[in-house]
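Visitor: If you want the building blocks of each chain, they are given just below.
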Amino acid sequence: MLSTLIWFPILGAIAIGFLPLPVARLKLITLTITGAVLLWTLWLMHQFDFNNPLFQFQEYIPWLEPLGLNYDLGVDGLSLPLLVLNSFLTWIAVYSSSEETPRPRLFYALILLVSGAVAGAFLAHNLLLFFLFYEVELIPFFLLIAIWGGENRGYAATKFLIYTAVSGALILAGFLGLIWSTGASSFAYESLAGQTLPLGLQILLLGVLLLGFGVKIPLVPLHTWLPDTYVAASSPVVILLGGVLAKLGAYGMLRFGLGLFPEAWVTLGPGLATWATVSVLYGATVAIAQKDIKRMVAYSSIGHMGYILLGAASLTALSLVGAVAQMVAHGLILAILFHLVGVVEAKVGTRELDVLNGLMNPIRGLPLVSALLVLSGMASAGIPGLVGFIAEFLVFQGSYSVFPLQTLLCVVGSGLTAVYFVILLNRTCFGRLDNAIAYFPKVEWRERVPALILAIIILFLGIQPTWLVRWSESTTTATVAAILPISTEQVAVQKIIQQ
Amino acid sequence: MTTTLVSPSPTQLPPSTHEFADIIHRLEAGGSMLPDTSENLMQIIGIYKAYAVPMDFYWRDLLYIAERVFLNPLPAFKYFLPKEYLDLPNHYAGDDADLRIWRGEASAHPELLEFMNKGEIQQKLPRLLHHLWHDRINMEFAEACMRAMFWHRRMYAPVNKFDAYLDTDEYKANADRAIRAYFEGNPVMLGLYKLFPDMFIEQVRQLSYYANLGLFWEVMAPVFFEMSDLYDEGKLKTVVEAMNFLVDGIFAIAGRPIYHHVQIRGEDYEIISKSKGFTWLYEAALPYVEAVFYRTSPFRGTKSYNAQARQVPAKQQDFHYGILYADVFPIGTAGIPPTLLMQDMMHFLPSYLVEYYKQHCRGEDDMLIQLGISFQRSMYNVTSAVIQALRTALLYPLDDPNPNHLTANRQFFEEQLDRFKRPEARLRDIQRQDYR
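Note that the protein sequences, when read in sequence, are chains A and B. So in our numbering, the last spot in the first sequence is 499, and the numbers never skip. So in our numbering, the last spot in the second sequence is 1436, and the numbers never skip.
Nothing false has been slipped in among the hints.
Computed beta-carbon distance windows for the label pairs:
(1) B:GLN1316 with A:PHE460: 53 to 63 Å
(2) A:THR285 with B:LEU1129: 55 to 65 Å
(3) B:ASP1365 with A:LYS291: 22 to 32 Å
(4) A:PHE460 with B:LYS1421: 51 to 61 Å
(5) B:ASP1429 with A:THR285: 39 to 49 Å
Now the stretches of chain A that chain B is said to cover, found in silico as 3 or more residues with beta-carbon under 8 Å:
(6) 356-364
(7) 437-448
A few chain B residues that don't get close to chain A, going by computed Cβ distances all over 10 Å:
(8) HIS1130
(9) TYR1193
(10) LYS1235
(11) LEU1395
Read the hints as simulated data drawn from the structure, not as lab findings. Where is the CB? At the ideal position from N, CA and C, for every residue including glycine.
All chains should be modelled from the sequences, with the hints used to inform the complete structure.
Guide: Structure below.
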């Protein structure tokens, strides 16, 4: 059942790459494949028992047992929302790709390969299997940036490759360190989850993993690849980069950092919360200073990923479910923002804040795109009624009791989000459209549909947040409960019991 | 009615050093401010025709308001033109015309009648529903033009004697007679008149401007219809010919009297008698061009100005919010509410212009703006005709052998074009064909 999510797109990639399919139909074929994967994921979601915190639909095939590598898949409340996000955003990315994409065979094959690999990473129940899938998407992404990117794509792609390769090496080192120090014979997640290593060693291994996943998320100061890469990548690719790939880093941090080293995690909690706060404030303040709207959104992404770390570091049931919700919310919001920025760039020919103006003009501007940009900015700034508010509110509400200062500073960061989005929207959408340059091509429905779908989901989940958190609530609650003895909540519970 | 370009005489005068030297040389050669291209000609003629149809409604309704609605304190139905005014014969069209400019009928244009019948929705509904749905001719545009003329009084004085007359005792006495007759048997309104006589007189002055503009447009509508017909027949081939048709028309009709009569219970009250000698050119056409094309007011549209920050000129004659400066984007500025006129014109575009707009920018989606810019081009051509007419009336022929006379002509042209030096002016833009 789960294998379909991995192998159907990968087989699709092989078919598109090597079979003599008509070039004119490649986008349609890819859309069909990704649509089928999305439907399959939704069916899986329908079948998923969200009261069960454990792995479901498990698949196990012995593979290279002497190496401890087995084909071991499973899905729980942590991975399910991200699987859905991956399937959905892949479909959106393919839909939003241009009909005139050069070398479409390779482009769509790589997108499908990435989709399958990311699904594999989310589903892998074996550390080495996770690492393999984690690394598989590296080269496709490198090619997607280097071939179909914009200005400075070569530089950006190389930087991305180096950073991500180092990230992979650190993660592998962390996994191997865990295996060697525990003497385990298998990379199976469940056998390693109950390790009893000394706290110092745990902290060391966790630190290595945090650095590895921190590059992927990314967290300050490991983020410098992100602005260049996001700016250089084409819209469909950046939707996948920001919407899915960054979540892989956050997922890995939660699954393997928190899941394998809970004691060390709690010990490092204050430091992690502070790290999150630095990322949030840094991302927001640097975003304010940007003149390029794509770069501004890229820096906003750095800031918003910090909320996930804050929620995870606080380790309360509410903050953890907020962290998962933030992953989904951020993926959706970033996807719509990058899509809209891509449309603006394609139509107006610039992303410069000093040049853009008056796009809300109903006849010669991009009124619907501007309206959706306003909605996306509001969602990103955490305006109530939209999905961004729900996720941030859960994180803040859950974290305040544990790290009040860091939480308050992150709330300030959220306020700064409103500042740079007001700057962006004010300069881009409002004001007077200069009729000397306002001969922009019309926005086609094909270009509007992805943004409209994303906007509807952002609005729906903002109004009906139970559809956002119900899938992960039991898993996150169980995760917190499993490490209760050393958490703040446990202290409180113990006090109550003692009384 | 065709005129050929006068050959420029470069040997007699050195080239102009003005910012718009090329355009000045073109004017000196008898040309227009608008470049003479077939594309420009097609645009301006198509727009003249699209403008003339609603204008046929504007002039009739302006006269109806001035003559019949008069001081009705609740003029809710002033835009509901009675059949009598739809059938009112235009003095410059039809078999019985004083001077037949257009070869068509003197009563309301057939396209106008059809539109009034079914509107844009192409369905016959009660007139009130069409009105409330704004599926009608936007008289608000015509009234805005009238108010611009009324607000910018004293233009072209002392040549324009109309304004000064509105402040004379004779005018006040005439207005007083009409006011008392109109409110006869209405002690409330008569009492108010007793208390606030100036307010009522001022209202009558405004109504005199309704009549003024109505009489002006009564001439322009058949002029534009005829130009459109001539173009369709292949008899207007250049922008210069179109401009000269207007110049010839201006002189042919210059002496048409401007007056204001009111019909009250079947009796005719002459507030401004024809015998006063106010003429179409000096008392209507020139003030209209000045007020509507150049000046108007900065408080229309969606852009607001901060007068305290000196964003609005201190002197009215420095105002520059007319169509020659207008940003025809819906968000932006224009002295007249251009979107209303553009909306009206859109209903009557000739098919060749619709096809033309479909091929550019966003096709039908932004036709409103494209036609607004065509309107701007066409009004630069009308302004060129006015400038050439003024030069003819006040100065010297373009082929005058006396260099001093040519220098005077050039000075005149340069002064006229100085008004387009400000950045808002669209004169630079209309030189480019891709300004749409």
